[in-house]
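Student: Listed here are the chains, written in short residue letters.
2 protein chains.
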Amino acid sequence: MDKPYSIGVDLGGTNLRVAVVARDGRIVEKIKISTCAEVIDHLIGSIERLFSDEINGIGLAIAGVMNVDSRRITSCPNIRLLEDMHIVDIIENKFKVPVFLENDAYAATLGESVAGVGKGFDSFVLLTLGTGIGGGVIYNGSPLKIAAELGHIIVETGGRRCGCGSLGCLEAYTSARAMIEAATEGIKGGRDSAMRGHIEAGADGIQPADIYRYAIEGDAFAMEILKTAGRYLGSGIASFINIFSPQAVILTGGLTGAWDIYLQEAIRWASENAFKELYAKTQIIRSSLGDDAGLIGAACLTFEHK
Amino acid sequence: MDKPYSIGVDLGGTNLRVAVVARDGRIVEKIKISTCAEVIDHLIGSIERLFSDEINGIGLAIAGVMNVDSRRITSCPNIRLLEDMHIVDIIENKFKVPVFLENDAYAATLGESVAGVGKGFDSFVLLTLGTGIGGGVIYNGSPLKIAAELGHIIVETGGRRCGCGSLGCLEAYTSARAMIEAATEGIKGGRDSAMRGHIEAGADGIQPADIYRYAIEGDAFAMEILKTAGRYLGSGIASFINIFSPQAVILTGGLTGAWDIYLQEAIRWASENAFKELYAKTQIIRSSLGDDAGLIGAACLTFEHK
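Residue numbers (the working numbering), protein chains in the order written: chain A, 1 to 306; chain B, 1 to 306.
One or more hints might be untrue.
Treat identical chains as interchangeable: a pair holds within one or across any two.
As the list claims (entries may be wrong) - With a straight-line Cα cutoff of 25 Å, these simulated DMTMM-like cross-link-like pairs (lysine to aspartate or glutamate) come out:
id : residue 1 : residue 2
1  : Lys276    : Asp69
2  : Lys276    : Glu38
3  : Lys188    : Glu224
4  : Lys119    : Asp24
5  : Lys227    : Glu83
6  : Lys145    : Asp122
7  : Lys145    : Glu277
8  : Lys281    : Glu83
9  : Lys96     : Glu277
10 : Lys188    : Glu92
Keep in mind that the hints were calculated from the coordinates and are not lab data.
Working from the sequences, and respecting the hints, build out all of it.
Tutor: What follows is the structure, given as structure tokens:
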């Protein structure tokens, strides 16, 4: 295993992404395809285009549930096809290099640690803030092999029902989905807000980016939604700081884009609800890799990063 | 470092405990002294009584905040004297063997892993349920060196003020102190309960053991206090399962004694609010070492347990 490059595959989102990645985490070449019926053909085709003698191995990051040892995907909501096939064996037999499989949050954490802002830290917690909430934990320079379902810690006992079935999960209060639900339910319940027209007119409903826009334009209900989501996120961050005493909490995902209201409230709340001496040692920062963290981490599965 | 025994010292509770411990975690001889003005003399005297040529080293477990590297105790509420002295250096200079320092929750976790029910597990979360809530995490057979302030994850955002200053910590809802406060406040607030006479008469106030007794005698308010505390504990356990996917959650401390109501409700709530597939793989069990876990773990700091 001493060739200079690996291929990383990220099947985490609505797009399939394949890239050649160097040992230092640098992306050399990248292909992006929207997932569709022919996704498996496209996946194999993309790897074929990028493959060479210098490729060390191939890493797959999947949004779903898998058995890393038997290398089978048990559940992959974005690409159901993968549940019925031995994709790892198929790729390995075709390309004759080692193929590794991990979930996308684990891969993103590894990627952030090898090539992102996480490079400077021996220990950090990564939180992906999007439709759902996920993450991973770096400890002593390596990702902990734990479930790390960080969006499913309970921040409100007996609270809002989460998509996972439990009550009061972090994700049920801080995800994009949670914000959209809060806006839609509030308007239905008669809340006075400039968002009413948008929600009642739009077939697509309202998005977090819209809520943010209404908030900075002065809409009190939009502001309340973002600040409430921020406070719950702050509770989660405080809990992770008190558990892991990490050097950093790194935030990534769609919701970090322009969310000074949401993240500012989260950081304020975390600072008030974590142990002072632990909070003081923790930097709360944004990811530098954004969408590419999973892709880079997938490729890095094949190198021997400590 | 190949002598067969170590001395463990546990300064975690209201008693000072010193013991000779074998490599397998077996206690050979134990001394227990109540902490008092002469505690340092008693500590040195106890070690002297137990010391021999066969002692490998001495480990100290302390309830407090310390700097493990500089081996100084920054805060020790039970024995304030320790904050102003170089206790590790004093003991090391006197007995001429290596002396190690750790907090009592870390030591209890290590002890449970070496000699308790934790011996059978590669990964577990230990929760100490008493006046406060603490714990530790075993991962890949060793304790994680993280803050593990497991009593201070937030289970109710913006909720009850905890002793640590934050709002809504697990400890603020599930500890002995929380139960006593809930009973006392409820009675003051006019709740109808057989506990009223007890609380209004007793100079010592009511204890969790009393609340438990009133509950099994049919007092509805006492039952409600235990079940509420149990539900919050269940939220905490569900969060730890979703984060760490441990093989076991091991419960120890005073509140586990006869608390079938409290723990039964906690386990029910955890089963409903953790990921089903992770919960199914986790055993929730009682510690087998009880008070001795910290003592054994302190001694084990001096052996090279992986």
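Student: All hints are to be evaluated individually against the structure, with a verdict given for each.
Tutor: Evaluation of the provided hints:
In this assembly of identical chains, Lys276 and Asp69 lie within 25 Å of each other by CA distance solely across copies; the values are 20 Å between and 41 Å within a copy. For a Cα distance limit of 25 Å, the shortest separation of Lys276 from Glu38 qualifies neither inside one copy, at 52 Å, nor across copies, at 33 Å. Proximity of Lys188 to Glu224 under the C-alpha cut-off of 25 Å is restricted to the intra-copy arrangement: shortest distance 16 Å within a copy versus 35 Å between copies. For a Cα distance limit of 25 Å, the shortest separation of Lys119 from Asp24 inside one copy, 10 Å, qualifies, whereas the shortest one across copies, 39 Å, does not.
Taking CA atoms no more than 25 Å apart as the test, Lys227 paired with Glu83 passes in neither setting, with 39 Å inside one copy and 41 Å between copies. In this assembly of identical chains, the alpha carbons of Lys145 and Asp122 lie at most 25 Å apart whether taken from the same copy (16 Å) or from different copies (12 Å). In this assembly of identical chains, Lys145 and Glu277 lie within 25 Å of each other by CA distance solely across copies; the values are 16 Å between and 27 Å within a copy. For the homomeric pair Lys281 and Glu83, the shortest alpha-carbon distance between copies (22 Å) is at most 25 Å, but the shortest distance inside one copy (43 Å) is not.
When the C-alpha separation of Lys96 and Glu277 is checked against a cutoff of 25 Å, the pair qualifies neither within a copy, at 51 Å, nor between copies, at 34 Å. In the homo-oligomer, the alpha carbons of Lys188 and Glu92 never lie at most 25 Å apart, since the shortest distance is 52 Å inside one protomer and 70 Å across protomers.
Of the hints listed earlier, those the structure fails to meet are numbers 2, 5, 9, 10, in rising order.
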